[in-house]
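> Sequence:
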Amino acid sequence: ENGTYDASHSRIQSEWQNLYRGIFLANYLLENVDLVKTASNTAIIDQYKSEARCLRAYFYMKLVALYGDIPLITKNLSPADGLKIARTKASDIWSFVDKELTESSNLLPLTYSGAEKGRITKGSALALKARAALWSGNYATAATAAKSVMDLNVYGLISEYGKLFTYANENSKEVILDKQFL
1064 ENGTYDASHS
1074 RIQSEWQNLY
1084 RGIFLANYLL
1094 ENVDLVKTAS
1104 NTAIIDQYKS
1114 EARCLRAYFY
1124 MKLVALYGDI
1134 PLITKNLSPA
1144 DGLKIARTKA
1154 SDIWSFVDKE
1164 LTESSNLLPL
1174 TYSGAEKGRI
1184 TKGSALALKA
1194 RAALWSGNYA
1204 TAATAAKSVM
1214 DLNVYGLISE
1224 YGKLFTYANE
1234 NSKEVILDKQ
1244 FL
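If you read the sequence shown in the numbering used here, its first letter stands for residue 1064, the second for the next number, and so on.
No lab work stands behind these hints, which were simulated from the structure alone.
For every residue, glycine included, the Cβ atom is placed at its ideal position computed from N, Cα and C.
A portion of the hints provided could be inaccurate.
Label pairs and their in silico Cβ distance ranges [said to hold, decoys possible]:
| # | residue 1 | residue 2 | range |
| --- | --- | --- | --- |
| 1 | THR1105 | PHE1228 | 14 to 24 Å |
| 2 | ALA1178 | LYS1147 | 35 to 45 Å |
| 3 | ASN1139 | LYS1226 | 41 to 51 Å |
| 4 | GLY1145 | SER1073 | 17 to 27 Å |
| 5 | ASP1241 | ASN1065 | 23 to 33 Å |
Turn these sequences into a full structure, and let the hints guide you.
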């Protein structure tokens, strides 16, 4: 924030490594999940793919916001291919993120219950789309995506802000996406 980071700072390297590690894992799942034999529940495979695509889009959002033009990797690479990969324009990354979140949101459920709480939902995919559009300067898309989240009638504000951070309001209607600590 104060302009003191440079390429030698460990935070810069760890952000890059951690985000691309997440992208690698999402790509790995997307390349291999169809190998799972299931005749009865293909919807769960589509859900897992959509969740992986949303996470990958989120990782790209963070990378492009931090670094601008970055490599766009949508499949796992061999070491030789990794040496040849070029940067992709930031505008193309933002378009990719928008496409991933739009397509994924259509295959995700509105809510989860029980142990499934904290998973990516349709609303969280659309909220990420709104955030990505804001970060990229696409305000019309941001407004439309945010309105789509509101129109789901799943989320809202609780009446008293001070109670938001109590155990009683854990997983309240204000929570769109969170990491569950069980």
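> If a hint holds in the structure, say so; if it doesn't, say that too.
Evaluated hints:
no., hint, in the structure
1, THR1105 / PHE1228: 14 to 24 Å, "violated, 40 Å"
2, ALA1178 / LYS1147: 35 to 45 Å, "holds, 43 Å"
3, ASN1139 / LYS1226: 41 to 51 Å, "holds, 46 Å"
4, GLY1145 / SER1073: 17 to 27 Å, "holds, 22 Å"
5, ASP1241 / ASN1065: 23 to 33 Å, "holds, 29 Å"
Of the numbered hints listed earlier, the single one contradicted by the structure is hint 1.
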